[in-house]
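Q: My request is simple: use the sequences and hints to build the entire structure.
Note that the protein sequences, when read in sequence, are chains A and B.
Sequence positions in the first sequence follow UniProt numbering and run 1 to 197.
Sequence positions in the second sequence follow UniProt numbering and run 1 to 197.
Any given hint could turn out to be false.
[Said to hold, decoys possible] A partial selection of chain A residues facing chain B, derived with a Cβ cut-off under 8 Å: (1) D23; (2) S24; (3) Q29; (4) I30; (5) S59; (6) M66; (7) L76; (8) S110; (9) D112; (10) K116.
Treat the hints as calculated values from the structure; they're not laboratory data.
Glycine included, every Cβ here is placed at the ideal spot set by N, Cα and C.
2 protein chains.
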Amino acid sequence: MDKLKNAIREKGRVLSTEVLKVDSFLNHQIDVDLMMSVGEELARRFQTDSITKVLTIESSGIAPSMTAARDLGASLVFARKKKSLTMNNDVFVSQVYSFTKQETNDITVSKDFLNKNDRVLIIDDFLANGQAAFGLIDIVQQAGATVVGLGIVIEKSFQDGRQRLEDQGYRVESLARVHSLENGQVTFVDELQLSNI
Amino acid sequence: MDKLKNAIREKGRVLSTEVLKVDSFLNHQIDVDLMMSVGEELARRFQTDSITKVLTIESSGIAPSMTAARDLGASLVFARKKKSLTMNNDVFVSQVYSFTKQETNDITVSKDFLNKNDRVLIIDDFLANGQAAFGLIDIVQQAGATVVGLGIVIEKSFQDGRQRLEDQGYRVESLARVHSLENGQVTFVDELQLSNI
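A: Right, here's the structure in full:
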């Protein structure tokens with residue numbers, strides 16, 4: 001998705017060969033027009049898949065999930081990173097380790113909002129090693145529902161998340177696939193393929 | 001806003017005289033169409049106020065803020081509830097006590113995303129005693145920016161948040177004002193005024 005890749009090039013900050021900071025349009029300040037376009041494109045890729053629920057994780061997954069859920073005619077549910085006191089115990093729980101934050105969070109989804117008839121599109125802002133994705137998949141499976149696929153805003157293709165997901169048969173659609181952050185530069189997977197022609 | 005009040009009546013759950021749970025359309029599952037309408041109505045109320053930034057707080061403030069920011073032509077920034085390791089130290093910080101979660105969180109906003117020329121609309125899902133609102137106001141003031149007003153999805157009018165904000169001169173626009181949760185029933189402020197005629 002060119003508009004997204006341009007934003008990453010122009011506004012993303014490469015902090016190391018592992019860390020791409022996109023706080024100015026996705027993770028802290030939100031470029032609303034861009035995130036609405038991102039959601040629309042994710043919906044387009046799954047439009048014939050009879051999605052009933054979009055499942056994401058707070059907080060950065062919410063913005064791109066809004067128009068995706070709207071265009072798919074699906075409900076949007078966001079997993080919470082820790083249990084609040086007003087949430088009853090009737091929840092699905094999984095564990096997610098964040099390398100960025102160096103901590104393990106429980107993620108929870110109320111049993112009221114996922115059931116075995118649901119066909120679920122999982123949306124997340126980043127795919128790196130797949131920790132969050134597998135936590136969300138675990139929750140969908142606990143509900144007996146079907147994971148139709150994963151819609152990702154930015155994939156770090158130099159980490160093994162996509163491979164691990166595809167090895168287990170999951171469909172992954174990523175709108176920007178980052179091949180490398182070497183030398184402070186963002187290189188996308190499709191640029192690499194072009195330069196190999 | 002009738003559509004919102006109907007959702008509160010039909011889908012809200014009164015857990016006590018203090019606690020209204022709206023997990024099925026705002027705080028956990030999101031009714032995307034409704035939240036987009038909520039954001040559009042908040043934008044309408046501030047459309048002549050030259051808003052440059054919409055400031056909200058993760059996670060439930062994000063959904064209603066999307067269309068508000070879009071329609072106002074403003075950037076959207078969400079305050080974070082705790083500092084992540086990839087965020088630098090160049091942040092504004094304030095403290096917010098949550099009665100629901102019985103804990104105090106630091107809320108932070110990067111200094112990159114608020115400056116003294118900003119005219120800020122603060123949006124939040126609930127207004128009760130005003131803890132979150134005053135934390136966000138504190139951050140806007142640290143930036144030297146202007147708080148134009150507060151846009152609230154659901155106001156618990158039986159708590160003193162609105163009064164405290166108005167006493168300090170802030171404009172508060174709430175789309176549903178709950179007068180009482182007595183007897184397991186939601187009564188809105190405008191119903192009360194009607195029944196007093």
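Q: If a hint holds in the structure, say so; if it does not, say that too.
A: For each hint, the structure was consulted:
For D23 (chain A), the suggested interface contact is upheld, since its CB lies about 6 Å from the closest CB of chain B, less than 8 Å. The beta carbon of S24 (chain A) comes within 7 Å of a beta carbon in chain B, closer than 8 Å, and the hint placing it at the interface holds. Given hint, Q29 (chain A) at the interface with chain B, holds; its Cβ is 5 Å from that chain's nearest Cβ, closer than 8 Å. Hint on I30 (chain A) holds. Least Cβ distance to chain B is approximately 4 Å, under the 8 Å limit.
For S59 (chain A), the interface hint holds, the least distance from its beta-carbon to any beta-carbon of chain B being 4 Å, beneath 8 Å. Hint status for M66 (chain A) relative to chain B: holds, with the closest Cβ pair at about 6 Å, below 8 Å. The interface hint given for L76 (chain A) is met, as the beta carbon of that residue sits about 4 Å from the closest beta carbon of chain B, less than 8 Å. The interface hint given for S110 (chain A) is met, as the beta carbon of that residue sits about 6 Å from the closest beta carbon of chain B, less than 8 Å.
With 8 Å as the threshold, the beta carbon of D112 (chain A) comes within range of chain B, its nearest partner Cβ sitting at about 7 Å, so the hint holds. For K116 (chain A), the suggested interface contact is broken, since its CB lies about 17 Å from the closest CB of chain B, more than 8 Å.
Checked against the numbered hints given earlier, this structure breaks only hint 10.
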